[in-house]
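Protein chains in written order, with our numbering: chain A, 13 to 523; chain B, -3 to 295.
To be clear, the hints were calculated from the coordinates, so they are not data collected in a lab.
Idealized CB from N, CA, C, for every residue including glycine.
Just so you know, nobody snuck in bad clues.
To list a few chain B residues with every Cβ distance to chain A over 12 Å, as calculated:
(1) L41
(2) A52
(3) N57
(4) G164
(5) K222
Chain B side only, calculated, beta carbon under 8 Å to chain A, not exhaustive:
(6) K124
(7) E265
(8) F286
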Amino acid sequence: MSEELGREELRTRLGALRAALARRDIAAAGAVFEALDHDLHDFVSDDQQALLTKMLAWDDDDFALASRVHALHSRMLEAARMLVSYSGLDKRLDYIAAAIAYWAEAAKWELISMSHEPPQRFTQLHELYLEAVALEGAAHGRRMMANGSWAKVAIEPLYVRALVLRRLSGGHLGPRQLEILDSWLLAWVDAMALSPDDPAPAPRLLVQPDSSAGLSLNVDPDLGDPLFLPLGPLKAELDLVFDFLQRGELFPGRGPSTTFRLEDHVSLLDILHREFTQAGAAPMTRDARTNAEGVEVDVYLGLGDIIRGGFSPPAAPGQSEAPTNLFEPVTTARRQRRFRLRDHNDSGLGLLAPRDEAAALHPGDLIGVRTDPSAPCLVCEVVRKVHPADDSDTLLGTRVVSRNALPLSLKREDAAAASAPDIDVLYVPGTDSSGRADSLLVSDAVFQSAGVLTKHDAAQTFRLSLNRGRHRGRGWVLAGLEFLAEGQEPAKGSGKNPKPPDEGLTLSLLD
Amino acid sequence: MLHRISATSLLLLVPLLTSAQDAIRTVNVTPGGGVELVPLLVRLLPWAPPGVIAAAVAIANASLLLVLAGLGTSAAWRAFQGWQRSNVPERRPAAIRKGIRRAVPQDKVRAADPIRRAQAGDDEARRKRIRDRFVYVRFDGALKGIADFGLPAKVIKAARLYFEDSRGDRADELLALALKHQPEEHAYWLARLEIRFLLGDSASFVEIAEAFMRVAPDAAEWDEIKRLGVRIAPDSPLFAGHASNAADSYGPWPTMPNWIQSSWDLTAEVIASEFHHHMRDRIQEMRERFAHNAAPATL
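Generate coordinates for the entire structure from the input sequences, incorporating the hints supplied.
In structure tokens:
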């Protein structure tokens, strides 16, 4: 079936479903829904996969496609909820299971597509689960496509999957990480059981199904009895993911998520490890944030932009920087970006970015923010991205990497690289004066190929190598330094960082 | 089927031929070596009427033809089977194949089949790429891949740097993974012990020491390990027999091991401190220039 024929067929079936529901023909609507439910994966999987594996920033067409995927899951959710209301007891549990599954899909694609729709409501989800419990059907299974093959998943794990997905997708995860997380959760259904007994002090989360909220740490005494989700079994499952990777396999071993970059899998490990081991403890305290009332600030995206613009006097609004040479007037001219500062404290800034500017930004990106026109910019990492329900700006949560960075030009000592251009990096001072905690902020490419670098100054020449990555983001590394005496060779393995074993891994895995 | 019928025919003829041995000796032999059948039967069955003799001759001829046909068919069938085996993969019923799978190790099956051997090679190469890439990404580029676990100095240096960056858990994860690949490498065990000692994590120290005892009970470093053990976990039975030297508990400890290979040469540290102060001055200059709205050149 060609792509266009497939879309036409999908439109026809959705039209038939809508018509049958409108005339309350439950038998016909049920039949169309079940057939569509069975075939939906075939209709959307290629589009989903193309979107999620795209390495470039999404364009308008991509967002439109993601929105269509989100809308499709939302419609299936609404259809399933109507069928739950009108169908007999024999079919009701099937439709409840389908509705919960589509709730999770819709919530996931709502985040991925930066949807303008109102967010999925927890009350819908809780009502569906409570109805299943009332029918003594929490263990009722739904046959669904999970990780590339058909599997039967019970209503309770589907409910927990939806709750966990929503809890962990508070803007900290990118689209691919969300999809990987979902694939892991679908492989962990045996570890996702709710209990009325509190396993504390063991790590756990809880949900109060009569609330309008999802998973939380603390009980709201004004609401009904909570159900507890012990995190120990999920932590044990997470350890298996480590085992898979150490064996050379991407968990769960099959399904679309195993075609994503290994970095996306590995970064998710740390996020889940923190969640599964600390969730039962007291919530982390954070310094109070000062409201900045939306004052406009200059923003620089990426290491190159920060080095070029963040340490020069600010340009007038709307004015482009002069090109540095006549041969690259297009590439070096930059547009001044201005976001609004929402709030701030010592460790981070909350920014409000126009939707089109924020579309290309994801957690892990490096940005420079000049909060004071008479000072150089702060270097920050995006750690959270949230789209408000209305059409207003996107909220970016950022962590300050350094308030005292300094741009440096370094030379490679390698004789072969004598004619090569200087390497532009950012010096990031450590917290103590010994220099042991100092770092250089460099691009991934520089980190992999730096070798011995030199910094010539009037009085002195410093020789150094980048000997470890202290922190990594998307395309950049905060690298630790090792200083070398004159004539000293770097220790084996520390002078020139190894080329990654297989940068083309993603492509080869797609074969 | 044919060769089974001919074999049955042969069996039926055996008693007849056996009892006729004496009679055969008395009959005429033709110039070609053959036997005249009718006189033979008359001698064997003197009571039989001529019709029975004729019927017996017919049966004997038919049996002979069957025997010859059976032998010929059997030989041809075997030849065909031999040719088939040499050209077509053998097909067996599923149950038999399962039995073979259970009995024969899969690597031998793969080794015997060039296509499966190639696929297994591809799978293994892919797994190796993922393993290497995982090690590279997980440990921030400090190691190139699994093969680097064969270089204890490199691995221990990476672990020490993690420890110095207050990432002791990642240091331990790195050494634990190294031990999975090189369980006999004492240097990894000792580095893990020292890091746990420096972190003051007595439970993990004892756990690792017990595991090391199982691997290398006669290692030369046990005196040192017990010396550390007595200090960090004096109640552990593993260190119970080791007398604690009071001098060990006070002041500098000259016999403190250096299993994480810290450098005694402070040159790099001195340069790092100089660089830090140099950069601090530059940052201050930059800020002053900003305050005067002057464009700072890239330093």
